[in-house]
Amino acid sequence: MIDSVDKLTQRTADLKGRTQAGTQVLVSMGTCGVAAGAAPVLDALKSEIANRKLENAVKIVETGCMGLCHCEPSIEILSSETGKSFTYGNVKPEDAGKILDNLNDIAAGMSTVERTWYYPELEDNTENKIQARIVLKNSGRINPELLDDYLANDGYSALAKVLTKMQPQDVIDEITASGLRGRGGGGFPTGMKWSFAAAQKSDDKYMICNADEGDPGAFMDRAVLEGDPHAVLEAMAIAGYAIGANHGIIYIRAEYPLAIQRLQIAISQAEKEGLLGDNIFGSGFNFKLELKYGAGAFVCGEETALIHSIEGKRGEPTFKPPFPAVSGLWKKPTIVNNVETYANVPAIIRKGSAWFKKIGTEKSAGTKVFALAGKVKDVGLVEVPMGTKLRDIIFGLGGGIENDKEFKAVQTGGPSGGCIKADKLDTPIDYDNLIALGSMMGSGGMIVMDEDDCMVNVAKFFLEFTLDESCGKCTPCRIGNKRLYEMLEEICEGKGTAQTLEKLRNLSHTIKDTALCGLGQTSPNPVLSTMINFEDEYLAHVQDKSCPAGVCTKLITYEINDNCVGCTLCARNCPVNCISGERKALHVIDQSKCIKCGVCYSACKFHAIDRK
Amino acid sequence: MSCCDCQGKGQEELNLIEQFPEKREQLEAYIATLDIGDDREKNRGFLIQSLHKAQDIFGYLPLSVQLFVADKLKLHLSEVYGVISFYSYFTDKPVGKYKINVCTGTACFVKGAGSILEEFKRYLNIECGETSRDRKFSLGALRCVGACSLAPVVMVNEKVYGKVSTKMVPDIISECK
Chain U
94 MIDSVDKLTQ
104 RTADLKGRTQ
114 AGTQVLVSMG
124 TCGVAAGAAP
134 VLDALKSEIA
144 NRKLENAVKI
154 VETGCMGLCH
164 CEPSIEILSS
174 ETGKSFTYGN
184 VKPEDAGKIL
194 DNLNDIAAGM
204 STVERTWYYP
214 ELEDNTENKI
224 QARIVLKNSG
234 RINPELLDDY
244 LANDGYSALA
254 KVLTKMQPQD
264 VIDEITASGL
274 RGRGGGGFPT
284 GMKWSFAAAQ
294 KSDDKYMICN
304 ADEGDPGAFM
314 DRAVLEGDPH
324 AVLEAMAIAG
334 YAIGANHGII
344 YIRAEYPLAI
354 QRLQIAISQA
364 EKEGLLGDNI
374 FGSGFNFKLE
384 LKYGAGAFVC
394 GEETALIHSI
404 EGKRGEPTFK
414 PPFPAVSGLW
424 KKPTIVNNVE
434 TYANVPAIIR
444 KGSAWFKKIG
454 TEKSAGTKVF
464 ALAGKVKDVG
474 LVEVPMGTKL
484 RDIIFGLGGG
494 IENDKEFKAV
504 QTGGPSGGCI
514 KADKLDTPID
524 YDNLIALGSM
534 MGSGGMIVMD
544 EDDCMVNVAK
554 FFLEFTLDES
564 CGKCTPCRIG
574 NKRLYEMLEE
584 ICEGKGTAQT
594 LEKLRNLSHT
604 IKDTALCGLG
614 QTSPNPVLST
624 MINFEDEYLA
634 HVQDKSCPAG
644 VCTKLITYEI
654 NDNCVGCTLC
664 ARNCPVNCIS
674 GERKALHVID
684 QSKCIKCGVC
694 YSACKFHAID
704 RK
Chain X
15 MSCCDCQGKG
25 QEELNLIEQF
35 PEKREQLEAY
45 IATLDIGDDR
55 EKNRGFLIQS
65 LHKAQDIFGY
75 LPLSVQLFVA
85 DKLKLHLSEV
95 YGVISFYSYF
105 TDKPVGKYKI
115 NVCTGTACFV
125 KGAGSILEEF
135 KRYLNIECGE
145 TSRDRKFSLG
155 ALRCVGACSL
165 APVVMVNEKV
175 YGKVSTKMVP
185 DIISECK
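Residue numbers (our numbering), protein chains in the order written: chain U, 94 to 705; chain X, 15 to 191.
Since the hints were made in silico from the structure, they are not lab data. Bear in mind that the values here come from a model prediction, so they are computed numbers and not experimental data. Glycine is no exception: its CB is placed at the ideal position from the N, C-alpha and C atoms. Any given hint could be a false lead.
Stated by the list, open to error - Below, a list of computed lysine-lysine pairs in the BS3-like style, where the Cα atoms sit at most 30 Å apart:
#1 U:Lys498 to X:Lys67
#2 U:Lys406 to X:Lys56
#3 U:Lys381 to U:Lys100
#4 U:Lys705 to U:Lys514
#5 X:Lys56 to U:Lys677
#6 U:Lys254 to U:Lys100
#7 X:Lys173 to U:Lys152
#8 X:Lys67 to U:Lys406
#9 U:Lys638 to U:Lys575
#10 X:Lys173 to U:Lys647
#11 X:Lys56 to U:Lys566
#12 U:Lys365 to U:Lys381
#13 X:Lys181 to U:Lys686
#14 U:Lys152 to U:Lys100
#15 X:Lys177 to U:Lys698
#16 U:Lys406 to X:Lys113
#17 X:Lys177 to U:Lys514
Claimed, not checked - A short list of chain U residues far from chain X (calculated; beta carbon distances all over 12 Å):
#18 Leu196
#19 Gly280
#20 Gln636
Can you make the complete structure from the sequences, with help from the hints?
Here it is in structure tokens:
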């Protein structure tokens with residue numbers, strides 16, 4: 094039991110001084126790593142180590158996500174003798190021998206991945222480093238299933254400091270001074286939110302962690318929960334102390350089995366050591382945590398809907414006020430914060446608000462984690478200081494656009510956000526700048542699109558998502574979005590007119606102004622931002638009845654031109670057999686049968702197929 | 015929620031609670047660990063986790079299972095059904111042995127998930143959200159499994175297929191044996 098601060102200090106000191114094996118091999122075992130084949134790599138390394146009787150010299154650490162999604166499975170070699178470390182990407186099981194042959198240097202025939210981040214809490218060396226890791230500090234570095242690994246990295250020292258040296262109001266003041274804003278979407282100042290609940294007199298209060306990450310294309314919360322679950326538990330206890338709550342609930346997606354498993358392990362470890370439960374560190378403060386599971390409803394990211402879901406009801410939002418901070422779960426004062434917001438809290442307490450405030454921009458302090466995906470070369474989970482330029486993320490960290498295509502747009506903020514075009518790539522990203530660009534921070538999905546993406550179709554995609562996920566309670570969202578979707582369908586089918594565009598714009602504004610909750614109020618953003626930034630594309634669909642990106646099937650035709658050498662490849666690949674022609678003679682597409690799947694277009698090696 | 019004609023009545027004759035006493039006991043044992051009292055509001059707080067458990071055990075949540083849960087938690091059937099129909103994770107229709115889910119998150123969408131879903135529909139001759147007549151395949155779309163570097167992604171039960179192309183669709187289907 095770690096029932097006093099002295100015991101914690103002693104334990105941490107012991108762990109920091111423990112003799113490490115000569116070399117540590119860190120294997121990235123997040124969901125994405127496992128999906129890419131990390132498990133066979135791990136097995137191969139283990140059996141190779143056993144064969145060579147290296148158990149004492151080499152220690153394998155199964156970590157959470159390192160964020161190097163583009164080259165999973167990835168492993169990092171850390172030598173405690175030389176202090177050197179290097180990371181291998183795209184590791185295959187048969188590489189295990191090669192890697193173990195030469196642990197002090199880069200193994201022959203293996204390519205390494207350069208680390209592009211620094212840890213603001215530990216080092217000042219920012220040279221050539223775009224990323225700064227606070228939230229992801231431990232992800233990919235420690236074994237998330239071992240409490241000792243977390244303790245060795247000053248884990249729970251922030252909770253100890255708070256419970257023994259600070260009053261609840263001091264904690265709120267510290268978080269307010271740090272400038273931390275909610276990382277789940279809206280960017281509301283976290284300290285201010287806590288102060289509302291702290292001001293309420295009530296026998297019971299609740300601290301909720303929103304881990305129902307539903308934004309398609311965002312997975313940073315999952316990475317934190319899988320890679321560093323104790324950080325979230327510690328932060329929730331700190332927040333509980335600040336507002337006077339003794340109950341914490343983590344509301345997590347049922348679709349995240351690995352994150353759930355690691356949270357369960359972490360909670361039982363913390364309870365066993367007395368870091369959660371009654372009289373933590375002998376301070377008299379009690380804090381209990383439980384898990385509640387979501388069941389696949391995006392709207393449950395909205396805090397009132399989330400609370401109803403925990404109460405076992407349909408996850409429909411209710412009008413605010415009263416805010417949950419006044420009347421939330423079971424009508425008691427409740428604070429809902431997102432996973433990433435919590436993950437910042439222990440570092441702020443450990444290093445102080447002034448340290449945190451220095452990172453990022455004036456109005457958006459700290460860092461933000463983005464899930465960089467789409468048509469970018471190096472897909473990954475990146476954490477950058479607020480104020481970093483979009484260009485540095487996409488072309489610096491992401492390595493530019495796949496297949497040397499032209500960059501067209503980047504979508505941030507998920508279904509509530511918007512598309513930003515090339516001339517705005519040098520804007521420093523923070524909450525306010527993104528809103529000024531017609532998008533928003535959201536939870537941090539960042540999807541890059543190239544010349545082959547039709548922006549009208551993209552807007553339609555997000556609308557389809559909102560339609561699916563609208564809870565149906567308020568009319569603007571339930572019916573308005575349906576009408577928006579139908580209009581976008583008309584445009585994509587070449588049935589749109591100038592009037593359709595006008596109606597689309599007007600209805601979008603009406604929905605924004607009148608919907609009940611955040612989901613509805615932001616649902617037209619993808620439409621409005623694409624209409625403003627890519628007006629020419631909408632006009633091409635409406636006036637010229639053409640889709641410049643060649644995506645909207647009703648507006649395109651495939652024709653074979655004179656380059657055709659009669660190789661028959663297109664005809665053999667066509668799924669509906671609508672291409673005919675003799676060998677070594679010009680082929681013809683039967684337009685009445687063509688389903689416009691584009692298989693012939695990608696199969697042809699002679700540029701003999703035109704898409705119009 | 016509509017039932018297609020191959021289910022409907024036949025399904026109700028198949029009372030899962032009566033037919034599988036050992037499964038019923040398993041669910042009953044789980045609910046017994048919960049702090050169920052006379053306060054219906056508090057009981058309702060246990061509803062979603064009970065339904066998760068029930069779906070784990072039975073595979074889906076037909077009327078007989080809904081009635082059983084409602085009875086144990088002292089809730090109305092309408093409240094239980096209201097929750098099942100709201101959350102996409104729950105289903106009151108039987109699902110296939112192989113649950114094929116095409117990720118339609120944004121990253122997969124821009125990499126062509128739409129045409130892959132179409133190809134699965136064509137091959138299996140069922141729509142998204144349906145189960146084949148022999149109950150071998152269910153086809154669905156899911157939102158982001160977080161393996162965006164492997165986009166487009168298809169999941170068959172727990173197995174993840176990455177960088178899927180339309181050409182791989184028949185192979186994925188024939189691997190389900």
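Each hint, compared with the structure:
1. U:Lys498 to X:Lys67: violated (48 Å)
2. U:Lys406 to X:Lys56: holds (11 Å)
3. U:Lys381 to U:Lys100: holds (21 Å)
4. U:Lys705 to U:Lys514: holds (24 Å)
5. X:Lys56 to U:Lys677: With Cα atoms ~76 Å apart, lysine 56 of chain X and lysine 677 of chain U exceed 30 Å; violated.
6. U:Lys254 to U:Lys100: holds (13 Å)
7. X:Lys173 to U:Lys152: The hint holds at about 29 Å.
8. X:Lys67 to U:Lys406: holds (17 Å)
9. U:Lys638 to U:Lys575: holds (23 Å)
10. X:Lys173 to U:Lys647: Distance ~35 Å between lysine 173 of chain X and lysine 647 of chain U Cα, so the pair is violated.
11. X:Lys56 to U:Lys566: holds (24 Å)
12. U:Lys365 to U:Lys381: Satisfied, since the Cα-Cα distance of roughly 12 Å is no more than 30 Å.
13. X:Lys181 to U:Lys686: holds (20 Å)
14. U:Lys152 to U:Lys100: holds (27 Å)
15. X:Lys177 to U:Lys698: holds (22 Å)
16. U:Lys406 to X:Lys113: With Cα atoms ~27 Å apart, lysine 406 of chain U and lysine 113 of chain X stay inside 30 Å; holds.
17. X:Lys177 to U:Lys514: Cα-Cα ~27 Å, so holds.
18. Leu196: holds (27 Å)
19. Gly280: Check passes; 21 Å lies beyond 12 Å.
20. Gln636: holds (26 Å)
Going through the hint list in order, the structure does not satisfy hints 1, 5, 10.
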